[in-house]
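Engineer: For reference, the chains in residue letters:
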Amino acid sequence: MQPSDITALIISLKLAAYSTLILLVLGTPLAWWLSQTRNRLKPVLEALIALPLVLPPTVLGFYLLIGFAPSGPIDSLLDSLGIPSLAFSFQGLVVGSVIYSLPFVVQPLQTAFVGLGKRQLELAATLGAGPLDRFFTIVLPLSKLGYLTAAVLGFAHTLGEFGVVLMIGGNIPGETQVVSIQIYDHVEALDYTSAHTLALGLLLISFLVLLAVYGINRQSRLVTLQ
Amino acid sequence: MIRADFRLERIGLSIQAEFSVPAKGVTAIFGPSGSGKTTLLRVLAGLEPAVGSLTVNDACWLSPNSFLVAHKRRLGYVFQEPSLFTHLSVWGNLQYGWKRGSRPAWSVDDVVEMLSLGDLLKQRPETLSGGEQQRVAIARALLGNPRLLLFDEPLSALDIESRSQLMPFLEKVLQHNDIPAFYVSHSPDEVARLADHLILMEKGRVVDYGALAEMLGNLDSNLALSDEAFSVLEGTIVQSSAPGLTCVKTDGGHRLYVPLHSSEAGSAVRLKVSAKDVSLCLIKPDKTSIINILPSNIKSISKVSNNGSRTLKLDAGGAQLLSRVSDFSCQQLQLRPGLDVFAQIKSAALVF
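Sequence lines, in order, name chains A and B.
Numbering of the first sequence is given in our numbering, commencing with residue 1 and proceeding in unit increments.
Numbering of the second sequence is given in our numbering, commencing with residue 1001 and proceeding in unit increments.
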């Protein structure tokens, strides 16, 4: 494996890890609101969140590119706050990934929250637990599997991202050059050996992550059964 | 006192309640299923938003411009179906209320002992039977040192055997503390055994409320006009002179014999007497298989209900007794208020 391949791999993993963390933090209140609300705007928000599931990533990337463009709306806002431009930067990739992988985190969490039912929360309230207390002592432990699923899907989906990165990343080695694009570059250059190494590496990582998750999943289910 | 005057209107779920009961003892919320009993209890807990007012011992829980959220009301709520936190052990469940409430007058050990939970503490909720889960739920409710205990038909999801096993625990919990309790039920047996006060509900409305005997003897109520009408006699178990029968000395001084019961002499008990098991005689009957015959005086007579019967309220030496007699017999015997009669109690049973 070439040093640039390893750099790309690290950037990919870093991108996936950051995005997943941000997604879990952002996705929790969002999914919670969606699971509880009877607001008429709920379907609108749900449709917006699900958009990345159906849109070609290039469409999302295209709009982000326009948004990030120098003196574009987002750029001028950030500029006034003293934050450097997001276009062709790692931070820009994180923002893009968060939007792109949002449904993969919000939907499992929402399902988990809906599945909780009201009873356990009402019980906790009658026993004196306030809203935050209820969230950390009841919702979180009971939604463990939902969080696991959300984290894995968010991570894996970001790892495999291609279109959005292609549009807004700029393929800068050591900054925005991720594995999926590196493989594409190798193939374009007819360097199949390097492409193979990298592809196999990604395949193995993905498989090991999923294996670990399903292993944990199975064990916790066994514990519950006992 | 606990004073309530509120309404809740929602599709398929509307209740209207106005009552005040002492903040002491057990208030049963009684009525047919679908009459809004559970919803009323949920409003008391702050789990449903209602419009109006609710004060508990002068603390305002609900008023036109304030609403005390459920987690600040300090409650012990026991749901109909066993509901323990599935991710916590029995011990963890007990601790949940204990950690968040103020310190009650009793310790965890006291409650564990009172509800015989010693052997269950390390177990997971799903390994317990329904009755055991309810015992844990009751203990958990007590350990939060609640200002109000709320029971939503805690026995109805259990089989008959677990029910009769759980009942003594419930009784112990309700009678051996000063926490006022509301107890939703549609079972006359449970009401007869536990209630001090009664709130009667029909079709989402509180139709009447007051002390138990007063409510049972209200001959205008639908309960008194039905074949379900019953009265409750309080007494003490005394040494029985009749083999195979348990003797109860009522607070009015009469001795009643009931089917053999395991309670020891000296224990305070309640007898539930169905109105339709009480027949009336103008002269003292002899040569009858009925053992319990009480000289009584007719206090009042209800109107004729749909099935041609009347309910009569009797004063049996200070105790209130209801009798259900056909209108035909009433006319034949010329029964009227003030008349002395003999009430033959065909069967009286210690409740449970």
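Hints in this document: simulated from the structure, not taken from any laboratory.
It cannot be assumed that every hint is accurate.
The list that follows gives simulated cross-link-like pairs (lysine to any residue, SDA-like), each with its CA atoms no further than 20 angstroms apart [as the list claims (entries may be wrong)]:
no.: 1; chain 1: B; residue 1: Lys-1072; chain 2: A; residue 2: Thr-137
no.: 2; chain 1: B; residue 1: Lys-1099; chain 2: A; residue 2: Lys-144
no.: 3; chain 1: B; residue 1: Lys-1072; chain 2: A; residue 2: Gly-130
no.: 4; chain 1: A; residue 1: Lys-118; chain 2: B; residue 2: Asp-1327
no.: 5; chain 1: A; residue 1: Lys-118; chain 2: B; residue 2: Ser-1083
no.: 6; chain 1: A; residue 1: Lys-118; chain 2: B; residue 2: Lys-1303
no.: 7; chain 1: A; residue 1: Lys-118; chain 2: B; residue 2: His-1071
no.: 8; chain 1: B; residue 1: Lys-1099; chain 2: A; residue 2: Glu-122
no.: 9; chain 1: B; residue 1: Lys-1303; chain 2: B; residue 2: Asp-1327
no.: 10; chain 1: B; residue 1: Lys-1099; chain 2: A; residue 2: Thr-137
no.: 11; chain 1: A; residue 1: Lys-118; chain 2: B; residue 2: Val-1069
no.: 12; chain 1: A; residue 1: Lys-144; chain 2: B; residue 2: Arg-1124
Cβ-Cβ distance ranges computed for the label pairs, FRET-style [said to hold, decoys possible]:
no.: 13; chain 1: A; residue 1: Pro-173; chain 2: B; residue 2: Thr-1127; range: 50 to 60 angstroms
no.: 14; chain 1: A; residue 1: Ala-47; chain 2: B; residue 2: Asp-1189; range: 53 to 63 angstroms
no.: 15; chain 1: B; residue 1: Lys-1024; chain 2: A; residue 2: Glu-46; range: 30 to 40 angstroms
no.: 16; chain 1: A; residue 1: Ala-47; chain 2: B; residue 2: Pro-1168; range: 52 to 62 angstroms
no.: 17; chain 1: A; residue 1: Leu-41; chain 2: B; residue 2: Glu-1018; range: 34 to 44 angstroms
no.: 18; chain 1: A; residue 1: Asp-79; chain 2: B; residue 2: Ser-1053; range: 50 to 60 angstroms
no.: 19; chain 1: B; residue 1: Val-1069; chain 2: A; residue 2: Pro-29; range: 15 to 25 angstroms
no.: 20; chain 1: B; residue 1: Ser-1033; chain 2: A; residue 2: Leu-13; range: 25 to 35 angstroms
no.: 21; chain 1: B; residue 1: Lys-1172; chain 2: A; residue 2: Glu-46; range: 42 to 52 angstroms
no.: 22; chain 1: A; residue 1: Leu-55; chain 2: B; residue 2: Thr-1127; range: 47 to 57 angstroms
no.: 23; chain 1: B; residue 1: Ser-1102; chain 2: A; residue 2: Leu-116; range: 41 to 51 angstroms
no.: 24; chain 1: B; residue 1: Cys-1060; chain 2: A; residue 2: Pro-84; range: 47 to 57 angstroms
Cβ atoms here follow ideal geometry from the backbone N, Cα and C, with glycine treated the same way.
Engineer: Which of the stated hints cannot be reconciled with the structure, identified by number in ascending sequence?
Structural biologist: Hints 2, 4, 6, 15, 20, 23 are the ones this structure does not satisfy, whereas the remaining hints hold.
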